[in-house]
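There are 2 protein chains.
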Amino acid sequence: MELKVYGHRVSQPSRAIMIFCKANNIEFEEVTIDLPKGQHKSPEFKEINPMGQVPAIIHGELKLFESHAILIYLASAFTGVADHWYPTDLVKRAKIHSVLDWHHSNLRHGSAAYVFNSRIAPVFGLPLNPQAAAEAEKFLICSLPIIESFWLQDSGLFLLGANQPSIADLSLVCEIMQLELLDENVRDRFLGPYKKVQQWIENTKNAIKPHFDEVHDALYQVSATLRKK
Amino acid sequence: MELKVYGHRVSQPSRAIMIFCKANNIEFEEVTIDLPKGQHKSPEFKEINPMGQVPAIIHGELKLFESHAILIYLASAFTGVADHWYPTDLVKRAKIHSVLDWHHSNLRHGSAAYVFNSRIAPVFGLPLNPQAAAEAEKFLICSLPIIESFWLQDSGLFLLGANQPSIADLSLVCEIMQLELLDENVRDRFLGPYKKVQQWIENTKNAIKPHFDEVHDALYQVSATLRKK
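Order-wise, the sequence lines are chains A and B.
Last residue of the first sequence? That's 1030 in the numbering used here, and every number before it is there in order.
Last residue of the second sequence? That's 1030 in the numbering used here, and every number before it is there in order.
Any given hint might turn out to be false.
Where chains are identical, the list cannot tell them apart; a pair therefore holds if satisfied intra-copy or between any two copies.
What the hints assert, rightly or not - No more than 30 Å apart at the CA atoms, straight line, and that leaves these computed lysine-lysine pairs for BS3-like:
hint: 1; residue 1: K838; residue 2: K864
hint: 2; residue 1: K997; residue 2: K805
hint: 3; residue 1: K893; residue 2: K842
hint: 4; residue 1: K893; residue 2: K823
hint: 5; residue 1: K1010; residue 2: K842
hint: 6; residue 1: K893; residue 2: K864
Please keep in mind that the hints were generated in silico from the structure rather than gathered at the bench.
So here's chain A without its partners, still in its complex pose (with noise of 0.2 Å):
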């Protein structure tokens, strides 16, 4: 069965899925959708995710959007995926959820929106929202510590004491990453502090070399064109 993952390589929950797929040689067609030019909103990427984002994929009848669940779904679907993405131990598992879960409400609800609300908002034609990025920087600095003396607390390279990245790394990682969007000085400041955060970053990026990198390029450049500006 054809699977298409449909997204764009600035969207942090694109790049998680699409290296999930590189670091687990599951074969897919990546259809770019172009983000800056509305192509999400059209009625004919509306017809495989109806809420207009991505990403998401089409993997024989399923459509299927939201990046975690599409994970998991990747991780379970794929034989050859090694546990240590997704581990079937039901505990194991069961933590692995709860940072996701903990991901939306926090990391992912400050980090995305500050992102957005105070940098790349002209890239879609809106105006920048300092209140809205203020708002939004409330989550981002009040989830950095929280990785870094809970979710990091236990000794391992990775979430949760272990030594082998999961979905839940990359998911977060992934949208860590998209603070580069920020000016350097500004993302010195938000991660700076953090010196277990960094060393996560740093573990991840090279337990899933080349493709970390490799999927993340179109974000450095962009991040280099802005910090020109």
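Please build the complex by placing chain B on the supplied structure of chain A, with the hints as guidance.
Only chain B this time, still in chain A's reference frame:
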């Protein structure tokens, strides 16, 4: 292994866990965390959930928080839970994950914040926050028509065209029940236009008799008190 459920019956995700256990004959000790007195922020409770939120569970060595993660764990760890709650079929399961992930950033994001900031903040010693309520209302009024026209689009009594409830039905309906805390005319303004949503709420109540109403009784009582004021 003993199961302890830490929660409060006026908390919508706490109710979902308790109802799930009762409906599936899972024995548990209910430990009420006195939210108005701030017991969820106590050092004792933060030993169980460092995020200081209910619900949380302890099952053997496992401490777990985030209600969706808990529901999935309970459905997986206890034999005798009927398959419809969290189907083993990968496609059905994927779609349930998709609903639950969508819920985080949409219905729950809107409903919980609207009810809190427009109505019950004073119970926790906080002022009402009309601006935050207005922001949350946008998410609430966008979410209900999506449930009506998308998640309930297929024939069937429950979400995704199912004829028996899943953990997604339980989670989302418990969230919507929180609107009982609003004045009746405000609640009706939100729910009135959505006949399928209203029918689905009734279907869920009926399918999980008598546990649904029994666990909601505390909410109905608080609602009656607030409406008298």
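Comparing the hints with the structure gives:
Within a single copy, K838 and K864 get their C-alpha atoms as close as 23 Å, which meets the 30 Å cut-off; across copies the closest is 46 Å, which misses it. Taking identical chains as interchangeable, the C-alpha atoms of K997 and K805 are never at most 30 Å apart, the minima being 35 Å within one chain and 32 Å between chains. In this assembly of identical chains, the alpha carbons of K893 and K842 lie at most 30 Å apart only when taken from different copies (26 Å versus 37 Å within one copy). In this assembly of identical chains, K893 and K823 lie within 30 Å of each other by CA distance both inside one copy and across copies; the values are 24 Å within and 25 Å between.
In the homo-oligomer, the alpha carbons of K1010 and K842 never lie at most 30 Å apart, since the shortest distance is 33 Å inside one protomer and 41 Å across protomers. Within a single copy, K893 and K864 get their C-alpha atoms as close as 28 Å, and across copies as close as 11 Å, so both meet the 30 Å cut-off.
Figure legend: structure checked against the earlier numbered hints; hints not met, in rising order: 2, 5.
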